[in-house]
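S.K.: As you go down the protein sequences, you meet chains V and F in turn.
Numbering-wise (UniProt numbering), the first sequence opens with residue 1 and increments by one.
Numbering-wise (UniProt numbering), the second sequence opens with residue 1 and increments by one.
Hints were generated in silico from the structure; no laboratory data involved.
Heads up, some of the hints might be wrong.
What the hints assert, rightly or not - Label pairs and their computed distance ranges (CB to CB): (1) F:Arg92 - V:Arg94: 52 to 58 Å; (2) V:Gly60 - F:Glu19: 55 to 61 Å; (3) F:Gln153 - V:Lys71: 45 to 51 Å; (4) V:Phe97 - F:Arg287: 27 to 33 Å; (5) V:Phe97 - F:Ala233: 21 to 27 Å; (6) F:Asp174 - V:Ser6: 57 to 63 Å; (7) F:Ala72 - V:Ile116: 55 to 61 Å; (8) F:Ala76 - V:Ser6: 50 to 56 Å; (9) V:Ile116 - F:Arg35: 41 to 47 Å; (10) V:Gly60 - F:Glu83: 30 to 36 Å; (11) V:Gly60 - F:Arg92: 39 to 45 Å; (12) F:Glu204 - V:Arg5: 28 to 34 Å.
Ideal Cβ positions, reconstructed from N, Cα and C, are used throughout, including at glycine.
Next come the chains, spelled out residue by residue.
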Amino acid sequence: MNALRSGVVKTVSLDRERDIASARYAVSKVCDELGARALRKVRFVTAVSEVARNCVDHGGGGWLDIEILRKPTRIGVRCIDEGAGIPNIEEAMRDGFTTAGSMGKGLGGARRLVDIFEISNRPSGGLEVRLVSAL
Amino acid sequence: MTRTSLETVLAILREEFDELLSAWLETQKAEGVRRPDLFSDRESRRQLGELLRGLGDGIDAADDQRTLNLEAEPWAGLRAALEEVTHERVERGVSPSEMATFVLALKQPVFARLRQKLEAAPDKLIEEITEFSRLLDAVAMHTNEHFIAERDQIIERQRTEMMELSTPVVQLWDRVLTIPLIGTLDSVRAQEVMENLLNSIVEESAEVVIVDITGVRVVDTQVAQHLLRTAAAVRLMGAEAIISGISPKIAQTMVELGVDVGEVTTRPTIRAALSDAFRKVGFSIERRGDADRG
Numbered sequence: 001m002n003a004l005r006s007g008v009v010k011t012v013s014l015d016r017e018r019d020i021a022s023a024r025y026a027v028s029k030v031c032d033e034l035g036a037r038a039l040r041k042v043r044f045v046t047a048v049s050e051v052a053r054n055c056v057d058h059g060g061g062g063w064l065d066i067e068i069l070r071k072p073t074r075i076g077v078r079c080i081d082e083g084a085g086i087p088n089i090e091e092a093m094r095d096g097f098t099t100a101g102s103m104g105k106g107l108g109g110a111r112r113l114v115d116i117f118e119i120s121n122r123p124s125g126g127l128e129v130r131l132v133s134a135l
Numbered sequence: 001m002t003r004t005s006l007e008t009v010l011a012i013l014r015e016e017f018d019e020l021l022s023a024w025l026e027t028q029k030a031e032g033v034r035r036p037d038l039f040s041d042r043e044s045r046r047q048l049g050e051l052l053r054g055l056g057d058g059i060d061a062a063d064d065q066r067t068l069n070l071e072a073e074p075w076a077g078l079r080a081a082l083e084e085v086t087h088e089r090v091e092r093g094v095s096p097s098e099m100a101t102f103v104l105a106l107k108q109p110v111f112a113r114l115r116q117k118l119e120a121a122p123d124k125l126i127e128e129i130t131e132f133s134r135l136l137d138a139v140a141m142h143t144n145e146h147f148i149a150e151r152d153q154i155i156e157r158q159r160t161e162m163m164e165l166s167t168p169v170v171q172l173w174d175r176v177l178t179i180p181l182i183g184t185l186d187s188v189r190a191q192e193v194m195e196n197l198l199n200s201i202v203e204e205s206a207e208v209v210i211v212d213i214t215g216v217r218v219v220d221t222q223v224a225q226h227l228l229r230t231a232a233a234v235r236l237m238g239a240e241a242i243i244s245g246i247s248p249k250i251a252q253t254m255v256e257l258g259v260d261v262g263e264v265t266t267r268p269t270i271r272a273a274l275s276d277a278f279r280k281v282g283f284s285i286e287r288r289g290d291a292d293r294g
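Start from the sequences and build out the full structure, keeping to the hints where you can.
M.R.: Pasting the structure below:
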């Protein structure tokens, strides 16, 4: 039913690890409704999983807006947390950078999986990551 | 000496206990929330009786009706009775609105009796009706909150049960185990998978373990890390891990993510993994010469 809409179609709050699964589920549903190709969907959902996990693990939680963009039709998400932000974004994006003993490839990997990847510290604090992918 | 403004209500609760109980049951029947399919009349009467007693004791003991706080001590009896009733109804699948109506059905019979008793004192009548309404609304709200909490508990329980169900380690052949993963591999589940697997390796003296991820839809860096760690632990136990069920889509995605599987053996299908495993433990599969089909 989202096939004709545009703008933000769903918001998922991200407080706990299991919310990441809800975010993946919601994004994959919108992909299906928009008729995304299977590979595009897997790539995008994986990228969403990375930024959502970053939000929960390092940003102290936040939320994720799923949006539909038009002309051409694309899917996007905006993931916002209320943490301290990242002092050196370039460094954090580098593969292998980690503060938590994880692989340190999440954000860099997510960037390679989508068409548009924007990351910034918000003036009011916290981090905002935007992902857009063609279908 | 009670300081309550609900003295008439209290008198009704005490003096007309049985009649009120029957009338409450009747109203519940009329409202369609009396569930003879779920509760016998005797059971219902006992439960309603405890609720009425709790209500009466609460009104009697609470100092100030204006700061109505059902969490306070005087309402302990009522809360206990409510919680029992709610618990049983949640277990038997009663809906939240049925639950609220169940409580609110007490208004009618009480109001009817108040109207009779306070015919000559309309101001007092309005005061008690208002007060009692407020009290019963609070009780209904409390019931609802408790109802939701009970449901959350059930959901949580089911989640745990599902998690336990979904990590079975299966012995495929002598010294060959498989663990088919389905759905989401979060940290908690990854930990479970690891524990189950390592224990089974010891129990079955396994040499090859096939971790099948055909049912895992998304492999992000964390899932990949869990899988690689599991494989490393399996190796430390002296067995070999094969990760199977990596679809072309997931393979491409993992490459973009920069996941390096290192020395872990991976196979596209569980079938390919199985023939690998057989080779390793020294078995081979042959077609029988007398088979019907060629």
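S.K.: Confirm or reject each hint.
M.R.: Now the hints, each set against the structure:
1. A hinted range of 52 to 58 Å holds for the C-beta pair Arg92 (chain F) and Arg94 (chain V), which are about 57 Å apart.
2. For the pair Gly60 (chain V) and Glu19 (chain F), the supplied restraint of 55 to 61 Å holds, since their beta-carbon distance comes to about 58 Å.
3. Distance hint check: the CB atoms of Gln153 (chain F) and Lys71 (chain V) are about 48 Å apart, consistent with the given range 45 to 51 Å.
4. About 54 Å separates the C-beta atoms of Phe97 (chain V) and Arg287 (chain F), a value inconsistent with the hinted range of 27 to 33 Å.
5. The hinted window of 21 to 27 Å between Phe97 (chain V) and Ala233 (chain F) holds, with their beta carbons roughly 26 Å apart.
6. Between Asp174 (chain F) and Ser6 (chain V) the C-beta distance comes to about 59 Å, which sits within the given range of 57 to 63 Å.
7. Distance hint check: the CB atoms of Ala72 (chain F) and Ile116 (chain V) are about 57 Å apart, consistent with the given range 55 to 61 Å.
8. At roughly 55 Å, the beta-carbon separation of Ala76 (chain F) and Ser6 (chain V) lies within the given 50 to 56 Å, and the hint holds.
9. Taking 41 to 47 Å as the suggested C-beta distance range, the pair Ile116 (chain V) and Arg35 (chain F) does not conform, at roughly 56 Å.
10. For the pair Gly60 (chain V) and Glu83 (chain F), the supplied restraint of 30 to 36 Å holds, since their beta-carbon distance comes to about 34 Å.
11. Separation of Gly60 (chain V) from Arg92 (chain F) is about 40 Å and conforms to the stated range, judged on CB atoms against 39 to 45 Å.
12. At roughly 53 Å, the beta carbons of Glu204 (chain F) and Arg5 (chain V) sit outside the given window of 28 to 34 Å.
Checked against the numbered hints above, the structure breaks hints 4, 9 and 12 and satisfies the rest.
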